Amino acid sequence: MKFISNSSVKDVMLKEIGLNNIKDLFFDIPQKIRIKDLNLPDGLSQQETEKKLRYIACKNKSFHDITSFLGGGIKPHYIPPFVKSIISRSEFYTSYTPYQSEASQGFLQAMFEYQSIIAELTGMDIANCSLYDGVTALGEAALMCTRINRKKTFVIPENISSDKKSVLKNYTRGAEIEIKEAPYDIKTGKIDLDQLKKNVDENTAGVYIENPNFFGIFEDDIDKISKIVKGAGSLFVVGIDPVSLGIIKSPGEYSADIVIGEGRALGNPMSYGGCSLGIFACKKEFLRQTPGRIIGLTKDSDGKRAFCMALQTREQHIRRGKATSNICTNEGLCALAAVSYLSWLGGGGLEKLSKINFENGQKLAKKIESIKGFEKMFSGVHFNEFVIKCKNDAKMINKKLLQRGIQGGSVIDSWYPKLKNCILFGVTEMHSDADIEKLVSALKEVSNV
Amino acid sequence: MYRSAVYDKSLLNEIAPPKKGKIKSIDSIPTSLQRKENINIPGLDETQLVRHFHHLSQMNYGVDTGIYPLGSCTMKYNPKICEEIASWDNFACTHPYQDISTVQGNLEIMFELERMLCEITGMDYFTLQPAAGAQGEFLGMLLTRAYHKFKNNNERNEVILPDTAHGTNPASVTMAGYKLIEIPSTKDGTVDLDMLEKALSDKTACFMLTNPNTLGVFESEIIEISKMVHNAGALLYYDGANINAIMGKAKPGDMGFDIVHLNLHKTFATPHGGGGPGSGPVGVNIKLEKFLPVPRIAKKEGKYLFDYDAPESIGKIKGFYGNFSVLLKAYIYILMMGRDGLKEASEIAVLNSNYLKKKILKSGKYEMPYKELRKHEFVISCEKLKQEKEIRAMDVAKRLLDHGLHPPTIYFPLIVKEALMIEPTETESKEDLDKFIDALIKIADEDPKIVKNAPNNTPVKRVDEVSASKNPILTWNMI
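Residue numbers (this note's numbering), protein chains in the order written: chain A, 1 to 449; chain B, 1001 to 1479.
The hints are simulated quantities; they were obtained by calculation from the structure and are not laboratory data. Hints may be right or wrong, so weigh each one.
[Stated by the list, open to error] Across the chosen pairs, the derived CB separations fall in these ranges: (1) V12(A) / K1149(B): 49 to 57 Å; (2) K1442(B) / D42(A): 42 to 50 Å; (3) E445(A) / S1101(B): 16 to 24 Å; (4) S1010(B) / I186(A): 47 to 55 Å; (5) S301(A) / G1364(B): 26 to 34 Å; (6) K376(A) / S1032(B): 19 to 27 Å; (7) S1467(B) / I186(A): 50 to 58 Å; (8) S1010(B) / P81(A): 20 to 28 Å; (9) E1431(B) / P41(A): 29 to 37 Å; (10) R305(A) / N1457(B): 13 to 21 Å; (11) S301(A) / K1149(B): 52 to 60 Å.
[Said to hold, decoys possible] Derived pair list, reagent style DSSO-like, types lysine-lysine, alpha-carbon separation capped at 30 Å: (12) K1024(B) / K363(A); (13) K180(A) / K1151(B); (14) K1179(B) / K1149(B).
Here the structure is a predicted model, which means the values were calculated and not measured. No residue lacks a Cβ here, since even glycine has one placed at the ideal position from N, Cα and C.
Just chain A, same shape as in the assembly:
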C-alpha cells in the first residue's frame, strides 16, 4: 500500500507482539461506534492522481493566463527560482518545530537570520519567526497591547480590509477589548486626524495604522499621528507592506512600538491567499509579552555558537493557559522563503523593487485617470494600489474586462458603501508596459459601451 511500509510484514509483527489480528489492536473502541469502512472512493495511483489534478487545474486561470490587476492585501510578485530550490530542501520542509536544537541548527540559524532581517526592515529591535498571516498578526498585536498596559480599547482605521476587522473582533472578544474605528478623510483617503484624536483617550491600549493603507495611500502625517498616540499613553502599532520599505521609512523611524504585516510578497506565491506569512516585530522592552516562537543565539557545551528556541516560557507548550498566545504551528517555511529572497535582494535590490512598484502604480493611475468616465478617488500619494471611481457600473466594467482576458481590480463598495462604483487596482513589478496598455485600451473600450 502507498506510503505504508509494513503492509507485507504486518502478520510477522503481530506475531512478535503476541497478537493474531489487527482487530486485536482496536477492541478498546466500543462496538457501538465501530465502523466497517469509510464511504470514500478507492485510492488512485500517482499517475491517475496527477491526471485528475491536471483536469481540475484547467478550470482555473492563473495570473499568467489572465492579466490581473487585483490587490487588497495580496499581489503577484516575482519569485526567483532559487527560492523554490531552497525551500524544497527536504531537510527543511519535512522537519518540525525545532524542539531538539542540536538536530535543527540549520532551520534555527535561518530563522535567526529571518528575525534579524525583519528587525532591520521594520526598524524594530526584535521579531518573532512568524505568525499565521498579517491579518491574525493584528489580532495578536491588539492582545499584546492590552497585556502591556491593561487598557481596554483598540483603535483602527475604518479603511482596513474587512477580513482584518472580522478577525480582530474575534481575536479580542475573549479579552473584552473594545474596537473603535477612526474614519478616513474622503478627500485624501488618509486617516482623518481630528476623528483619530476623538477616538484616542487614556483608555486606549493601542492605535493601529497601515502604511500604505488599504486604499494604497501613504499615511504621511506620521508625526501628528504618533503624537496623538503617545500623548494618550497608548502603543503605536503599524502595518506594513514590506515591498514599500525600500523607498519609505521603516515604522521604527516614526516611533512605532509594534510592527506587523503580511510577508507573503517576499518569495511566496499567492496560492489563492494561502500560505501566508505574519510578520511581527516590536521594541525590546516588550519581549516577554510577544506571541509566537523566537529563536535565540547561544553556545553549546564546547562554547561554540549555536541556536535554540528562546523564552519558551511564554509559549503554550510550557505555560499552557497562561501563554502569551495559543500559537504553535506557524509559517516557518514561508519565513525561510522570505529570508532567502530578501538576502538576495539586499538593501539596494529592495530599493529598486520598491521604486518599480511605486512607478508602475503612478503610471497606471495616470493613464486610467485620463480616460473619460474614470477618476482617482483620493488625492493622497499612493504606492502600488489606488482607488478609481467609475462613472458607470463598476461590476459591469469588470465583466467586460474579463471578456477581454483581463481581471480588473476589486469593486470595493460592498466593504465601503460610501465608495460606490469604486475599484481598487493593484500593479507590481510583474506588470509590463504592454500589460498596462492592454488594461488601458480595454478600459477605453468598455467606458464607451
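The hints should help you fit chain B onto chain A, whose structure is shown.
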C-alpha cells in the same frame, strides 16, 4: 556510525556585510516618509546564497532523514507528488479575489475536501479556514461561545480539560476568554468520570478531549462522557491531533462530539515545514452550522460559489480562505489513499506503535504507567534510569541524536515522570523501528557519562538553552 554534516556557518551579514549608504529619494513621495538611507540587509549573489542555505539544510533533520517519532505530531512521510502539484501555476498563481468563474478548480477542491473530511470524522459541515490546529481550537471556542450566546446561556464561562490535554488546548481556552477547569485522569490514564461529573455544571460551556488521548489510550467510556456533557447542556470538543489512530475504525461524530478540528499537516501528510504552514479545518454537527466562518463554499447548478449569507456566522478567523496550498496537498493525499488506504494507515500506525511499545518494555529498561493497550502513540518513563543511573529523559533524547535518530517528544504529557512520548506513524518500516528499539535499549546500558554528555555527532554539542532565555540575543544586531 551516524555523523551529521558540520559547517562553521557564518551568518548572512558576516558573509556579505550590508552596505550602508544614502539613497536618492523620490520627490513625489511625501517628505515625512522618504527613505534617506539603504535598509541594512545583506545582498548575496545567488551561488553564495544557495550554498549558504544548502549547508544549513544539511545541518537539519527531517522526516526524509529518518524516523521522527514526536508524539502527537504525526511526522509521517510527505509524498512528493503533493509538493509538485501545489506548485503548478494554475494553483500557485491564483488570487483570492479573482472572478469566481476563473477559480472553479480551487473551489471544487475545497468543496470536495470538506465532504471528505465530513466522511472521515462523521461531522456534518467543515470550514477550512484555520491555519493550524491551535487556530482550529480557538475557532472551536468561538463557535462554542456563539452557540451558548444564541441560546442565551451567557453564564456558561467554563471549559473543562483533562490533565493530559495538549498545551494549545488551555491556551486556546483562555485566549477565547473562558475559565479553565482541569481535571485529573484515572489510574488508567483516562477521563475520571466522577471528577468530570463534579466539574460539570450550568457554568460549563464545553469539555475538550483528545481521543485517543495524549497517552495514546482510547477513551472507551466516550459514549458515557458524551451523555454526561450533553446532559449538563455543554458541548463536546474533539482535538483531532490524534485521529491518525482511528481513520476507518470510528468517527468522532458517532462518539457524540459537536466540534472537531483536524491537523492536515499531521494526519493528511502535508509537510510540517520546519514549524509551518499547517492547516486546522474545523467540523461541526448541524446545531453549530450557522455559526461557522464565512465564506462557505456552495455548489449551485454545477457551479461553485462563495456564500457570505450567514447572519449568525462568527465572521472570519484568518485572511481569505485558509492555507489553500496545504488544503490542496491534503486533498491529493486523500485521493491517493482512498477508503482502504486511510484505514490501513491507521491500522499500521497503531501496529507500529504497539510493536515499538512491546519491544521497548520487554527490555525492562523503561516503564509505562497507565493502561496497556495504546493506539498510534504511547508514553514511557525514564524514571527508573533516573533513579538508578541519573540518566534523564533529556539525556536519552540527546543520545538518540548520536544514533542519527530523532528523539520522541519529551516531558509530555505532564502526568508521566521523565516522559518519552513516542509516535512512529505508519510510514516507518520494521527495520527502522527495530533500529530505534535497539538504540533505546543500548542507551540505557551505556555509561551514564557518555549519555549525559550527548550529543557528539551533531553539528553542535548540547545547546545551552537556559542562557538563550536569560540573556536573549535575538538578532545579529544584539550580538
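Hints versus structure:
One distance hint, 49 to 57 Å for the beta-carbon pair V12(A) and K1149(B), holds here, with the actual separation near 56 Å. One distance hint, 42 to 50 Å for the beta-carbon pair K1442(B) and D42(A), holds here, with the actual separation near 43 Å. As the Cβ distance of E445(A) to S1101(B) is approximately 20 Å, the hint placing it in 16 to 24 Å holds. Roughly 53 Å separates the CB atoms of S1010(B) and I186(A), a value that falls within the hinted 47 to 55 Å.
Checked against the hint of 26 to 34 Å, the C-beta distance between S301(A) and G1364(B) comes to roughly 31 Å, which is consistent with it. Judged by the Cβ atoms, the range 19 to 27 Å given for K376(A) and S1032(B) holds: they are separated by roughly 21 Å. Against the hinted window of 50 to 58 Å, the Cβ-Cβ separation of S1467(B) and I186(A) comes to about 55 Å, which satisfies the hint. Between S1010(B) and P81(A) the C-beta distance comes to about 25 Å, which sits within the given range of 20 to 28 Å.
E1431(B) and P41(A) have their C-beta atoms about 32 Å apart, which keeps the hinted 29 to 37 Å range intact. Distance hint check for R305(A) and N1457(B): the Cβ-Cβ separation is about 18 Å, which falls inside the suggested range of 13 to 21 Å. Against the hinted window of 52 to 60 Å, the Cβ-Cβ separation of S301(A) and K1149(B) comes to about 54 Å, which satisfies the hint. With a CA separation close to 20 Å, the supplied pair K1024(B) and K363(A) stays within the 30 Å bound.
Our distance criterion of 30 Å between C-alpha atoms is met by K180(A) and K1151(B), whose separation comes to about 28 Å. Restraint check for K1179(B) and K1149(B): satisfied, since their Cα atoms lie roughly 16 Å apart, inside the 30 Å limit.
In summary, this structure violates none of the numbered hints.
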